[in-house]
Amino acid sequence: MSHLNVAVDTVGVADATPDEKQPWAELGLKEDEYQRIREILGRRPTQSELAMYSIMWSEHCSYKSSKVHLRQFGQKNPKTPRLLAGIGENAGVVAIDENLAVTFKVESHNHPSYVEPKQGAATGVGGIIRDIIAMGARPIAVMDSLRFGAIDHPDTARVLPGVVDGIGHYGNCVGLPNIGGETYFDPCYQGNPLVNALSVGVLPRSRLQSMQASGVGNTVILMGAKTGRDGIGGVSVLASATFSETGEGDARPSVQVGDPFTEKLLIEVCLELFDAGLVVGVQDLGGAGLTCALSETAAAGDGGMHVDLELVPLRAKGMEPQDILASESQERMLLIVDPAKAEEVLARSRRWGLLATEIGTVTDTGRLVIDFHGQTVVDVPPKSLADEGPVYHRPLAEPNDLQLIAVDRAETLPRPTTPEEIRQTVLDMAASPNLCDKSWITEQYDSSVFGNTVLGTPHDAGVVRLDERTGVGIAISLDGNGRFARLDPYTGAQLALAEAYRNVAVTGATPIAVSDCLNFGSPEDPHVMWQFERAVTGIADGCQKLGIPVTGGNVSFYNQTGRDAIHPTPVIGVLGLLDDVHRRIPLGLGKTGDTIALIGETREELSGSEWASVKHGHLGGVPPVVDLDHEMKLAELLSRLAETEQLAAAHDLSEGGLAQALVEAICHTGLGAQILLPEGADPFTYLFSESSGRVLVVIPRGQELAVRTACEQRNLPITPLGVTDANTDGLHLRDLFDISLDELEASWKGRIGAVLGE
Amino acid sequence: MSARVGVVTFPGSLDDRDAARAVRLAGGEPVGLWHDDAALGQVDAVFLPGGFSYGDALRCGAIARFSQVMDTVKAAAAQGMPVLGVCNGFQVLCESHLLPGALVRNAHLRYRNRPARLRVETSRTAWTRLYEPGAEVVFPAKHGEGRYVADEAVLDRLEEEGRVVFRYLDNPNGSMRDIAGVTNEAGNVVGLMPHPEHAVDELTGPSNDGLGIVASVLAHLTGAADTSGVSR
Numbered sequence: 014m015s016h017l018n019v020a021v022d023t024v025g026v027a028d029a030t031p032d033e034k035q036p037w038a039e040l041g042l043k044e045d046e047y048q049r050i051r052e053i054l055g056r057r058p059t060q061s062e063l064a065m066y067s068i069m070w071s072e073h074c075s076y077k078s079s080k081v082h083l084r085q086f087g088q089k090n091p092k093t094p095r096l097l098a099g100i101g102e103n104a105g106v107v108a109i110d111e112n113l114a115v116t117f118k119v120e121s122h123n124h125p126s127y128v129e130p131k132q133g134a135a136t137g138v139g140g141i142i143r144d145i146i147a148m149g150a151r152p153i154a155v156m157d158s159l160r161f162g163a164i165d166h167p168d169t170a171r172v173l174p175g176v177v178d179g180i181g182h183y184g185n186c187v188g189l190p191n192i193g194g195e196t197y198f199d200p201c202y203q204g205n206p207l208v209n210a211l212s213v214g215v216l217p218r219s220r221l222q223s224m225q226a227s228g229v230g231n232t233v234i235l236m237g238a239k240t241g242r243d244g245i246g247g248v249s250v251l252a253s254a255t256f257s258e259t260g261e262g263d264a265r266p267s268v269q270v271g272d273p274f275t276e277k278l279l280i281e282v283c284l285e286l287f288d289a290g291l292v293v294g295v296q297d298l299g300g301a302g303l304t305c306a307l308s309e310t311a312a313a314g315d316g317g318m319h320v321d322l323e324l325v326p327l328r329a330k331g332m333e334p335q336d337i338l339a340s341e342s343q344e345r346m347l348l349i350v351d352p353a354k355a356e357e358v359l360a361r362s363r364r365w366g367l368l369a370t371e372i373g374t375v376t377d378t379g380r381l382v383i384d385f386h387g388q389t390v391v392d393v394p395p396k397s398l399a400d401e402g403p404v405y406h407r408p409l410a411e412p413n414d415l416q417l418i419a420v421d422r423a424e425t426l427p428r429p430t431t432p433e434e435i436r437q438t439v440l441d442m443a444a445s446p447n448l449c450d451k452s453w454i455t456e457q458y459d460s461s462v463f464g465n466t467v468l469g470t471p472h473d474a475g476v477v478r479l480d481e482r483t484g485v486g487i488a489i490s491l492d493g494n495g496r497f498a499r500l501d502p503y504t505g506a507q508l509a510l511a512e513a514y515r516n517v518a519v520t521g522a523t524p525i526a527v528s529d530c531l532n533f534g535s536p537e538d539p540h541v542m543w544q545f546e547r548a549v550t551g552i553a554d555g556c557q558k559l560g561i562p563v564t565g566g567n568v569s570f571y572n573q574t575g576r577d578a579i580h581p582t583p584v585i586g587v588l589g590l591l592d593d594v595h596r597r598i599p600l601g602l603g604k605t606g607d608t609i610a611l612i613g614e615t616r617e618e619l620s621g622s623e624w625a626s627v628k629h630g631h632l633g634g635v636p637p638v639v640d641l642d643h644e645m646k647l648a649e650l651l652s653r654l655a656e657t658e659q660l661a662a663a664h665d666l667s668e669g670g671l672a673q674a675l676v677e678a679i680c681h682t683g684l685g686a687q688i689l690l691p692e693g694a695d696p697f698t699y700l701f702s703e704s705s706g707r708v709l710v711v712i713p714r715g716q717e718l719a720v721r722t723a724c725e726q727r728n729l730p731i732t733p734l735g736v737t738d739a740n741t742d743g744l745h746l747r748d749l750f751d752i753s754l755d756e757l758e759a760s761w762k763g764r765i766g767a768v769l770g771e
Numbered sequence: 029m030s031a032r033v034g035v036v037t038f039p040g041s042l043d044d045r046d047a048a049r050a051v052r053l054a055g056g057e058p059v060g061l062w063h064d065d066a067a068l069g070q071v072d073a074v075f076l077p078g079g080f081s082y083g084d085a086l087r088c089g090a091i092a093r094f095s096q097v098m099d100t101v102k103a104a105a106a107q108g109m110p111v112l113g114v115c116n117g118f119q120v121l122c123e124s125h126l127l128p129g130a131l132v133r134n135a136h137l138r139y140r141n142r143p144a145r146l147r148v149e150t151s152r153t154a155w156t157r158l159y160e161p162g163a164e165v166v167f168p169a170k171h172g173e174g175r176y177v178a179d180e181a182v183l184d185r186l187e188e189e190g191r192v193v194f195r196y197l198d199n200p201n202g203s204m205r206d207i208a209g210v211t212n213e214a215g216n217v218v219g220l221m222p223h224p225e226h227a228v229d230e231l232t233g234p235s236n237d238g239l240g241i242v243a244s245v246l247a248h249l250t251g252a253a254d255t256s257g258v259s260r
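So the sequences go chain by chain: A and B. Under this note's numbering, the first residue of the first sequence carries the number 14, and numbering increases by one thereafter. Under this note's numbering, the first residue of the second sequence carries the number 29, and numbering increases by one thereafter.
For reference, chain A alone in the conformation it holds in the complex:
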């Protein structure tokens, strides 16, 4: 203990000094919360305990503002035998067949990515991967949903390349293909960029793991990186309030530093241990580090836990117990193992060069007891930390401006009318930041490691093969639209859900499950809280209707600078199942002579559209109509047509409407398209409306009648638009205009690099 230069605040000291002033307010606790901690313990908390409660009862860990609303997911989730693990677990687990299951989850790392873009984004990817490992799965792919401020804002040139570098570096080095995602720019994200990372993993159903610390006498093992001072947010406040005399500098970065190499070793060692049946319980260490992992495993188990904290391998000298407990050092996992098997666990870790250390034991005391050099610094009921945090019913209020915004419709804005004006609009839109080619970003990601990526960027959904023998695979899409959600959070959330659902369906997959990342402003603002409640209700109602459960996700509040909150931005990940990935439907134009057609109805819906934003800087009106019955019929049709191999290609219509979908299909294939818009259609509306529920399909010669009949049987409108033609240069819109492939590519490609000065 000679290295300690202050007396440790033990349980005994706390008993003896009940009136000691404690920095609960600086740690973000409210007075009644502090009093409750005292009631739970029957004394004042020690410094370590106070740090643990402040972390576990924070918004980030306890979901105290969102909990009352998130309950809707549980209440409205459709019952499905596929769901093997749901909300509350590290990640939802969905059965694929009698042997295989898939786990997936999307999570935010918004604030760290603004402070330190590269490491913030990298550790976001690392964190979500560990959630997947903790379920017993091998991570097999990642995806990301990114939102930045205006593309030409000077700070975007700092944030974007760093974020992309971080995602790429971590994912590439840990060896996971990046199979898709989205990137959007909007001034509302200027000081609050959104970095939402998704990972998906596959496991034999028999390998499903739990976070329970059960079995009295079982050994608690900490595996992976050493514990340092990185990421100690709350505790540095504690330290500065009470330990200023220690002389130990705490000016460490609050953003953690990622090491994908150690993470790769963690994946391999954990899977080896799971396969050998050596693990009773497992939990990853993410935000809140050991505090969270110890209290959650102990709370989920059947007794208590005793930990000797000085056994934790450290990378910094002089760390106090509360520092060790709060450290967010990356690449660590907590394992609960049978003591008879502990030596084998340690040996297998050593073989890979990975650190693993016994730090404690499962007990039957019902208490989480943590000693530091023989002195007890924590003695608490673990459920009081993990499960019994505060719950807020925060006030809700519809934003005052919403009615005004609703009547300010984009449908009344001046539009291009002549063919030449519309032609120029097609090019300008293709060149706009949200619609232009994103390969400057996606080329920095490995997409083919594992050799199972069937569809990646720029397809509507990523498709990954799970089993080479059967061809069974999954499709995943990640979508959000903050503008629609700003206009109407309920509808906007459902539009995001519908788009992700449709993007999965477009590949021929059947949607089976949802994960969501809910990015909002401050929950203390009743307007934000109202948006949150509406969005959650929209998603819960939507999933109930679509018959697919929400399996987990994450809430990110406080995406707000001063009084300016981001647009409410629910990002929805939908997972789909493909019986045979050989029959997936790609993005494209098929081959010469194939018919290009549009399924779905085009209405005059321009409010919240990309066109209104790009050409008028306008956001007003009401978002497009959502019709989930229609989406379900459409998905069923696409899955059927994939099975019968009656579609050569398909592409979801979303931002930028039909015009953008055609531009993307042409640029992706280099083929030409001859298009004739339907008689009587207003060309501008038909090309740029963002009506939901529409898919551009390419039908091989000879299948036109069959596809038309299949649509009619389902009461889905289908409109033939033209043909694919290798001899046509780019886009030929009959009676309107032509745009050559070169001209399309000159507008669409190379924009992001050009703006960033490359």
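Read the hints as simulated data drawn from the structure, not as lab findings. Where is the CB? At the ideal position from N, CA and C, for every residue including glycine. It is possible that part of the hints are untrue.
What the hints assert, rightly or not - Derived Cβ-Cβ restraints for the label pairs, each shown as a range: (1) Asp-755/A x Arg-205/B: 22 to 32 Å; (2) Gly-162/B x Ala-719/A: 40 to 50 Å; (3) Ala-163/B x Arg-747/A: 35 to 45 Å.
Stated by the list, open to error - The list that follows gives simulated cross-link-like pairs (lysine to any residue, SDA-like), each with its CA atoms no further than 20 Å apart: (4) Lys-604/A x Leu-231/B; (5) Lys-604/A x Pro-234/B; (6) Lys-451/A x Pro-143/B; (7) Lys-762/A x His-136/B; (8) Lys-92/A x Asp-110/A; (9) Lys-762/A x Asp-198/B; (10) Lys-354/A x Thr-374/A; (11) Lys-604/A x Glu-230/B; (12) Lys-451/A x Leu-137/B.
Claimed, not checked - Some residues of chain A that are not near chain B, with every Cβ distance over 12 Å (derived): (13) Pro-91; (14) Glu-357; (15) Pro-408; (16) Asp-592; (17) Glu-756.
We have chain A already, so just place chain B on it with the hints.
For chain B alone, coordinates are given in the frame of chain A:
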């Protein structure tokens, strides 16, 4: 009996399973080799896969060079055993001095993932004998440190001796003389940056051109009984 191709796993290897799949699809028998084990388990050839061995500590491939398995691989290569290094495996071969030159940071300083069009410059190696010289293939190229450099004398010698095995048609990283892959004097050791193991099936890759790499070594190994060297 099919030939046994050892695939080495270093800590941080990422493409070991994919290399094994390529061996299997081409008709060989993949055998896992461990970095810390000198035994090659009676394999007929060795495949050093891509990844970030030992976390790219110090320099890509610099630590792997000193692994147990590389001691044996070096000795076996000297005896004529076919050895292939892809991406990080190529870096390991250069660090081990089994191949000349070095792989440094891409000229544009970024990791870049693009399908690379390559010309097969020679079929006089153990790993390319089934390709027509001059054939064009497409393999994914994805790396941050793949720019091939060597001094002019070495480059001239490689050209003269026909030891440039693959050349980029659209140089993605600033490699000198567009070099994507090279071989040793005997033609049994080949290294390249682009990934043939990720071009084994049109379902999952840009082509299936990569199958020819393993198929070549299998042909070489079966033919090795009646010909003494690699060159035909």
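Hint by hint, here is what the structure shows:
1. Asp-755/A x Arg-205/B: 22 to 32 Å: 31 Å, holds
2. Gly-162/B x Ala-719/A: 40 to 50 Å: 45 Å, holds
3. Ala-163/B x Arg-747/A: 35 to 45 Å: Holds, at about 42 Å.
4. Lys-604/A x Leu-231/B: 18 Å, holds
5. Lys-604/A x Pro-234/B: 18 Å, holds
6. Lys-451/A x Pro-143/B: Judged against 20 Å, a Cα distance of about 16 Å means the pair holds.
7. Lys-762/A x His-136/B: Roughly 18 Å between the alpha carbons, so the hint for Lys-762/A and His-136/B holds.
8. Lys-92/A x Asp-110/A: Distance of about 17 Å is within 20 Å: holds.
9. Lys-762/A x Asp-198/B: 18 Å, holds
10. Lys-354/A x Thr-374/A: OK: Lys-354/A and Thr-374/A at ~14 Å, within 20 Å.
11. Lys-604/A x Glu-230/B: Within the cut-off at roughly 17 Å; holds.
12. Lys-451/A x Leu-137/B: Holds - the C-alpha atoms of Leu-137/B and Lys-451/A are around 19 Å apart, at most 20 Å.
13. Pro-91: 33 Å, holds
14. Glu-357: Glu-357/A clear of chain B: closest Cβ-Cβ about 18 Å, beyond 12 Å.
15. Pro-408: About 48 Å separates Pro-408/A from the closest Cβ of chain B, which puts it past 12 Å; holds.
16. Asp-592: Asp-592/A clear of chain B: closest Cβ-Cβ about 15 Å, beyond 12 Å.
17. Glu-756: 22 Å, holds
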